[in-house]
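K.L.:
If you're matching them up, the sequences are chains L and R in order. All the letters of the first sequence, read from the start, carry residue numbers 1 to 310 under my numbering. All the letters of the second sequence, read from the start, carry residue numbers 1001 to 1425 under my numbering.
A partial selection of chain L residues facing chain R, derived with a Cβ cut-off under 8 angstroms: (1) Y23; (2) L123; (3) A138; (4) Y223; (5) Y273.
What the hints contain is simulated information worked out from the structure, not anything from laboratory work. We put the beta carbon where it would ideally sit given N, CA and C, even for glycine.
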Amino acid sequence: MARASVVSVFGVLLLLPLGIGPYPLRVATVIFMWAALAGSWNLLAGYAGAVDLGPVVYHGIGAFVTAACMLKLGLPFLVSAALAGGAAMTIAWAVGTPTLRLRGAYFAIGTLALAESAKQLALAWDRLTGIPLTGGSAGVSLPLSAGYLVFYYVMLGLMTAVTAAAFWLRGSKFGYGLRAVGENDRLAEASGVDIHRLKRRVYVGSALAIAVTGGTAGYWLSYINAAEVFSASMTFQMVVMALLGGIGTPLGPVLGAAFLTLASEFLGTRFVYHYLIAIGVIIVGISLFAPAGLSGLLDLAWRRRARVSL
Amino acid sequence: MTTIRTTRGARWLALLLLGAFVLATPGGAWLGRPADAQPKEFKVGVALSVSGIFSRDAALFKEVYDLWAETVNKAGGIRVKGTGYPVRITYYDDESSPQKSAQLVERLATSDKVDLLLAGFGSSVAFAATAVAEKYKYPYISGAASANPLFERGYKYFFATLNKTFDEVEGAAKVWALVSPKPTRAAVIGSDHLFGKLAAEGFKKFLGEMGIEVVHFEIFPLDLADYNSLLLKVKRQNPDLLLVGGLFSHALRVMKATKEVDFSPKGMAFSYGPTVPEFLKEFGKDAEGVIAASEWLPSFPFKDPVFGSAAQFNETVVQKYGHPADYVQAAAAGGLVAQQKAIETLGLVPPLGEKEREALMEQLHKQEVQTLYGQVKFAADGGIVQKPPIAVQIQNGKFALVYPKDVSGTQAGTLIYPLAPWRSR
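Chain L with its partners taken away, still in its complex shape (with noise of 0.2 angstroms):
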């Protein structure tokens, strides 16, 4: 019943371009957006607990290397976002290996200040290396794509991908293996789980995904500089749309991102000077009445009508 509601869902989004207007297809696709990356983060935190505060680490990357390889190189636009999110998968898995021993507040601490410095080392890079990537404070200005539908495909793809991968994760060994690390990560160590390698997998994955995330976004803007791509306020409003939409859960960053997206469209553009607090409350609301965040709140909504029809 689920799965079938899923797939038509996946059917209605797929032919969604056909119905909708240039404008409401573009809310679609920065909703998609959000809900991978927020989806990519919700994988680490959720599953396994760790906290990522460096996501954004990986975002830049794919921003930069896509450019790169579209400017330099000549690729094709799908290409050269493949090669940005291998690229990231690499850095993520030689970064990954001494970062994710780091536990608790440690490990977001330790990628924080790897957010930070990375921002700064892309500022820098053109300048110290001599290499021309990220153009500094300048940034990189990218053609105008032809046309913004396949935009929209690929960020459907990447929520997913990264949504099919959370399902996975609920009923698979590797996802019970890495739940356990997420309760107690000493106790599953104990019974035989090798917590780092497990976490250390879906850290990759989630780079891959977040890159290429990046990389798209970074076209489509047709422009990217340092300071917007490695912006910590990303990962911010990343755990934010996880934590609303229900942290742990795989719809949960996609209701996050959808709710907040159109609740920042609905209000900004109606109370342009004040929204910005509405939102602040309603985001305290939800945290205060629903911490289990909306997916909690529709789950409780689904188990009572099922109650009520017995």
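Assemble chain R onto chain L, guided by the hints.
P.N.:
Then chain R, alone, in the frame of chain L:
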């Protein structure tokens, strides 16, 4: 127990959210607004940074846009073939984010279907917004985006009334050739940001041409916490001049730090900042003698049929908003007048379709218009032509032209040099 509590909380929350949305969606419109009942007006849209890092600077734009709409509507609207069409501006908040700016510009173009777009503030926002404007063929005339790379993208719908950043600081560098004894050593610092860095590089190039040695050149991080140690480093080199590239907030903090470390160069110049009204409010007498790169002064003898003379424009801004007009406000006003003039010349009647906007773009490239900001003529890359960059100095709490010697009849005053040391200001 907990389930019950959550349920009750959830019901409250659902009610609250429902209430918010009912309030937020008049007429049940979801994406996009209902069609206009009154089509005989120019719908104008702008995504402006109401919040975020550009919010303070962008507020200056909003003042000018509001003033333009009010002035035009009071005069019966934009006159096309004898009929007046009022203008109505829709503002959205881009949160100083390029991503959001692009999204909102697309909304204005495709969902709100505005006739004209106005520009937001800042170069990074302009990069994203102009890409969308170009796609939907809307002229985008900026009064504040001046980073050189913006002009190198080959866009046809992007225009700017400010000089390109690199050239904009020419006056504030060349002015030092007028003083005696001629300064020989200068320090140039700039914030690591599109505009700040380009301005600093411009300063360095022009000083080099004049034979003034740059003894310290530094690009400092945008979020630098400790300006004092930066200025101490500069002070140790003992330069005659300090030239600073950056936004208003950087100018503010550099000024404070020079005072705190008691560093009194003989001359100080900023690419942007001192002309923002808060600067004088903040420093008062301490700001005496500071030089700023600029493009416009209220004393210039320029005028147009919309805002009147430069002096009148300044007077209106003072009366309405309580501070003198900044030059980016005049630059924005010049762009508005140029666009309005092009509409009148072509006889375009709202609603404007793609073809009309294309004609508007071509007319903007062709025409030469007198505005309160001076002559507005755009080159093929959208940059303004023949606009001499000027330098102004704060003298007795007002801005006086100090370079070049003469701008269309306005004579440059005598330069205050060297500056008084901090202790005796």
